[in-house]
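J.: Listed in order, the protein sequences are those of chains A and B.
Read in the working numbering, the first sequence has 158 at position 158, and its numbers run on one by one without any break.
Read in the working numbering, the second sequence has 256 at position 256, and its numbers run on one by one without any break.
FYI, nobody ran anything at the bench for these hints, they're computed from the structure.
Since the model is a prediction, treat every value here as computed from it, not as a measurement.
We put the CB at the ideal spot given by N, CA and C, even for glycine.
Please note that the accuracy of each hint is not assured.
[As the list claims (entries may be wrong)] Now the in silico label distances, taken between C-beta atoms and shown as ranges:
(1) G72(A) x Q197(B): 57 to 63 angstroms
(2) K125(A) x Y3(B): 45 to 51 angstroms
(3) K125(A) x Q197(B): 42 to 48 angstroms
(4) H193(B) x R137(A): 26 to 32 angstroms
(5) D92(A) x M1(B): 55 to 61 angstroms
(6) G236(B) x K121(A): 48 to 54 angstroms
(7) K121(A) x M1(B): 39 to 45 angstroms
(8) D17(A) x L9(B): 25 to 31 angstroms
(9) G68(A) x Q197(B): 28 to 34 angstroms
(10) G248(B) x S77(A): 33 to 39 angstroms
(11) A254(B) x K121(A): 44 to 50 angstroms
(12) G131(A) x Q197(B): 21 to 27 angstroms
[Said to hold, decoys possible] On the chain A side, residues computed to face chain B include the following (Cβ under 10 angstroms):
(13) C54
(14) Q56
(15) E57
(16) P80
(17) L82
(18) R83
(19) R85
(20) R99
(21) F107
(22) L129
(23) C138
(24) L184
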Amino acid sequence: MTEQPILEIDGVSKIYDGKWAALQEVSLRLSRGEFALLVGPCGAGKTTLMRLICGQERPTAGTIRVAGRDVGGMKNSQLPALRRRLGIVFQDGKQLADRTIFENIAFVLRATGTRKKELTKRAVKALTLVGLAHKSRCLPGQLSGGEQRKAAIARAIVNKPFLLLADEPTGNLDPAASREILDLLTRINRFGTTVLLATHDTNLVRELDHRRIELLAGRLSQG
Amino acid sequence: MAYALTEALLAMRRSKLTALATIGSLTVFMFLLGLFLTLHTNLSAVADGIRQRVQIEAFLADGVGPEEAEELTGQIAALDPVETVTYVDKDSALAVFREHFGDETLQALDHNPLPASLKIELRENHRTFDRVEEAARRIGELAGVAEVEYGRRWLSRLDALLSAVSLATLAISLILAVCTVLLVATTIRLAFHARRQAVEIMQLVGANRRLITAPFLIEGALYGLMGGLLGVILAGLLFLAVSRYLAGLRFVPAPLLLGLVVLAMLLGALGSLLSLRRAGWR
């Protein structure tokens, strides 16, 4: 018996309004501890796939299993439990502009019912890991683009997810800052978190020695 | 709970203007309600006082002797709404008259013109216009009773006034309650819109529905609570100022005031709930 994959996608299609196919017949598996790159041009369906995995949307056909549980068939009330075990780095960072970096992380911990004592410890630990401990009192607007992404990553990993979904975490960053983000994600992966990184920037990930999943116009491209 | 309260207060502080406008309007609503309740309380008190004194006087025909009067007393006392019957004979009536108007008035007459009468008090729950009228009619039909008197005009006006004020208070309360709910619903809709990013993040990190909606519910309830408290305080201050000039004025009883504040809080929460429901959250 092989270990159960962390992510199993079988024949998944997502068709909007009955005619716009964002994804067609996509099947893939991620093993525990894997680091996979989801590459493809804009509009290939990378973000749609991410949204399906975290239950933001439901597949039109096919099944998605995260740690063995069928996401597409989950009730809305079951989604929170799943999402607490997922780390999501959003395309646009999604930091609350009126709260400090620390508050942004604390907010997530509070929202998932972490005790106060534990809360500070974990927030500081996550910020230290991404190298932003010294800027925890800054507002997102006072940080550089790269730092904002790191803050978003800190928030995504603070709940110790088993699967980290990063959607264009290097978008709009210069190559140096992008490299830092990739290094950071690699480091997180070494701690045991499975990472799925979506990007359209093939140059950036060319030298990365990770598994590559290519999406083209909603289909997995072979080869 | 502590989390939701903190978030709600934080949200109110961030949108001060909306919060102030909402609390201000609710204060006015509750103040108006307080005034109407005060008016109602006082009119009821006045009406009760008058009702306490309502009695029917049955004047006996001339020639009705003490024995027949006693028999009449028995008959009347047996009527359902009657509490007490007191017989006032001709001599007592004269004595009372003299006491009030002096000796001279009746001296020209060589006999006592005042009729004997029965003073009838009704049970407390029978002291409304309709019941008094009905009782008076039945008493008037008894043989030996010449005339029946009661504060007919007074009583009918009092009852009409009281029911009009009750109705007005009820109508205004309902209108103000609806306004409160709608106002809070609108405010919370704005708040929800302002925090939709926070809500989205919470959803995606796995906060459950209760935790996401609790701050909004509490925010609505807080608006109601503050508006209710301020409104009641304002009404109280006005009452204190006015009661200096109008002795005997009563304020709304404390339990009712407390009820008003609690009601305002519940209405606020209801407004939030309405808004959340429309946004698809409840």
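J.: Taking the least C-beta to C-beta distance, is P80(A) closer than 10 angstroms to chain B?
T.: holds (4 angstroms)
J.: 26 to 32 angstroms was suggested as the range; check whether the CB atoms of H193(B) and R137(A) agree with it.
T.: holds (28 angstroms)
J.: Taking 39 to 45 angstroms as the stated bounds, is the beta-carbon spacing between K121(A) and M1(B) within them?
T.: Roughly 23 angstroms apart at Cβ, these two residues miss the hinted range, so it is violated.
J.: Does the beta carbon distance between G131(A) and Q197(B) stay inside 21 to 27 angstroms, or does it fall outside?
T.: holds (25 angstroms)
J.: Given a hinted range of 57 to 63 angstroms, is it respected by the beta-carbon distance of G72(A) and Q197(B)?
T.: violated (26 angstroms)
J.: Taking the CB of G248(B) and the CB of S77(A), does the distance hold inside 33 to 39 angstroms?
T.: Given a distance of about 59 angstroms, which is not inside 33 to 39 angstroms, the answer is violated.
J.: Hint validation: E57(A) versus chain B, beta carbon distance must be below 10 angstroms. Holds or violated?
T.: violated (12 angstroms)
J.: For the restraint on R83(A), tell me whether the closest CB of chain B is nearer than 10 angstroms.
T.: Status holds, d = 3 angstroms.
J.: Falls inside 48 to 54 angstroms, the C-beta gap from G236(B) to K121(A)?
T.: holds (49 angstroms)
J.: Holds or violated: is the Cβ of L184(A) closer than 10 angstroms to a Cβ in chain B?
T.: At 19 angstroms from the nearest chain B Cβ, L184(A) fails the 10 angstroms test, so the hint is violated.
J.: Using Cβ atoms only, decide whether C54(A) comes closer than 10 angstroms to chain B, and label the hint accordingly.
T.: Holds. Min distance 7 angstroms.
J.: Is 42 to 48 angstroms a correct range for the gap between the Cβ atoms of K125(A) and Q197(B)?
T.: 25 angstroms Cβ-Cβ, so the 42 to 48 angstroms window is violated.
Checked against the numbered hints given earlier, the structure breaks hints 1, 2, 3, 5, 7, 8, 10, 15, 22, 23, 24 and satisfies all the rest.
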